[in-house]
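Number of protein chains: 2
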Amino acid sequence: MGRWEPDTRERLQNAALELFERGYDNTTAAEIAERAGTAKSTFFRHFADKREVLFAGTSLIADRAVAAIAAAPPAVTTLGLVDEVLRSILPIFDPAKRLWYGRRQAVVAHTPELRERDLLKQHAQTAAITGALRERGLTGLTADLVAALIGLAFHVTYTRWLEATADQDVATLAAEVLAELRTTVTALT
Amino acid sequence: MGRWEPDTRERLQNAALELFERGYDNTTAAEIAERAGTAKSTFFRHFADKREVLFAGTSLIADRAVAAIAAAPPAVTTLGLVDEVLRSILPIFDPAKRLWYGRRQAVVAHTPELRERDLLKQHAQTAAITGALRERGLTGLTADLVAALIGLAFHVTYTRWLEATADQDVATLAAEVLAELRTTVTALT
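So the sequences go chain by chain: A and B.
Under my numbering, the first sequence has 47 at position 47, and the numbering climbs by one with no breaks.
Under my numbering, the second sequence has 158 at position 158, and the numbering climbs by one with no breaks.
If you are wondering where the hints come from, they were derived from the structure by calculation, not from laboratory data.
Each hint should be verified, as a subset may be incorrect.
[To be verified] What follows is a set of in silico ranges between Cβ atoms, one per label pair, in the way DEER data are often shown:
(1) A:112 with B:39: 55 to 61 Å
(2) A:57 with B:7: 46 to 52 Å
(3) A:75 with B:99: 35 to 41 Å
(4) A:113 with B:109: 19 to 25 Å
(5) A:100 with B:99: 48 to 54 Å
(6) A:40 with B:136: 33 to 39 Å
(7) B:52 with A:109: 37 to 43 Å
(8) B:97 with A:186: 51 to 57 Å
(9) A:91 with B:96: 52 to 58 Å
No residue lacks a Cβ here, since even glycine has one placed at the ideal position from N, Cα and C.
Looking at chain A on its own, in the form it has when it is part of the complex (with noise of 0.2 Å):
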């Protein structure tokens, strides 16, 4: 506990991504604890291999998404709790770290071991989400549904964001993702 420090993880987290950059597969956890000027041993205090280390947000959308399911207000339509799920991740998106979660993002699509564990990630995401939707009352195709429109508009505003030429606030972005995606349901019937 003692030569704990609060910001270890992350340091860790920047190692590792530099080191990724360069090549995936000969980076070692040694190399990046190394590079994060911490032992090895804590580096597996953290994180159960390599492949984690750039995945630790992950289980917090899926937490914040759960939540924000359980405690919508009855009144909320079902494509509002599409709505409320995105709402309550957008402190997630933290402008500090945009460009980060880009470099991130670049690395993951081009490291065919990240993409499977994104791809894992976001299934188990979507399972979670599909969960609390049923426990909601959601059933049938409804809640399979109302999963994947809060996983696409999630992605979709990710991705823009991502892309967005300067810090543009995110919430904005996700307004018209979410205007969008009623048009486009709506359209469709």
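Based on these hints, arrange chain B on the given structure of chain A.
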């Protein structure tokens, strides 16, 4: 070419499934080949690695879906494309292989490496379908949303078909799912 037998591929798949059911990690490509009564080199002529053995049908699904989207008459509505795609895939649901697919599904669900490959394949299918929808002129979120609906319709139909007690007609199952999906989408708005 001389010793090539038409059913070698299927024998390899059957052998792999049987061995994977006893344990995926300690099964080698050589053992699969031996059990199928063929050479290790033959295994690698058919599959890139042992993970691939159970995913031979996945590109067929994407190919059929993409072809169905391109071939759909101009009068077909956006939501009607979901019907066109699902119907085009139904011939792949071979009643004679239903129990085999059920066993395959169970092995994939219980083996992290196979689940990851499965998600990667699904992701590639969705990307191919979204691309075909954009080719057809669907813009913005509509292509993503319709691709998600196609994925959902396929997934639910396939799951219900595997869980059916007898050899239930898959066309009837698919029609029920499509009607349910249409009702669900309409109820959202």
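Checked hints:
1. A:112 with B:39: 55 to 61 Å: violated, 28 Å
2. A:57 with B:7: 46 to 52 Å: Hint holds: Cβ distance 48 Å, inside 46 to 52 Å.
3. A:75 with B:99: 35 to 41 Å: violated, 47 Å
4. A:113 with B:109: 19 to 25 Å: Taking Cβ atoms as reference, residue 113 of chain A and residue 109 of chain B lie about 21 Å apart, which means the hint holds.
5. A:100 with B:99: 48 to 54 Å: holds, 49 Å
6. A:40 with B:136: 33 to 39 Å: The hinted range 33 to 39 Å is violated for residue 40 of chain A and residue 136 of chain B, with Cβ atoms some 53 Å apart.
7. B:52 with A:109: 37 to 43 Å: With Cβ atoms ~22 Å apart, the hint is violated.
8. B:97 with A:186: 51 to 57 Å: violated, 40 Å
9. A:91 with B:96: 52 to 58 Å: Hint holds: Cβ distance 53 Å, inside 52 to 58 Å.
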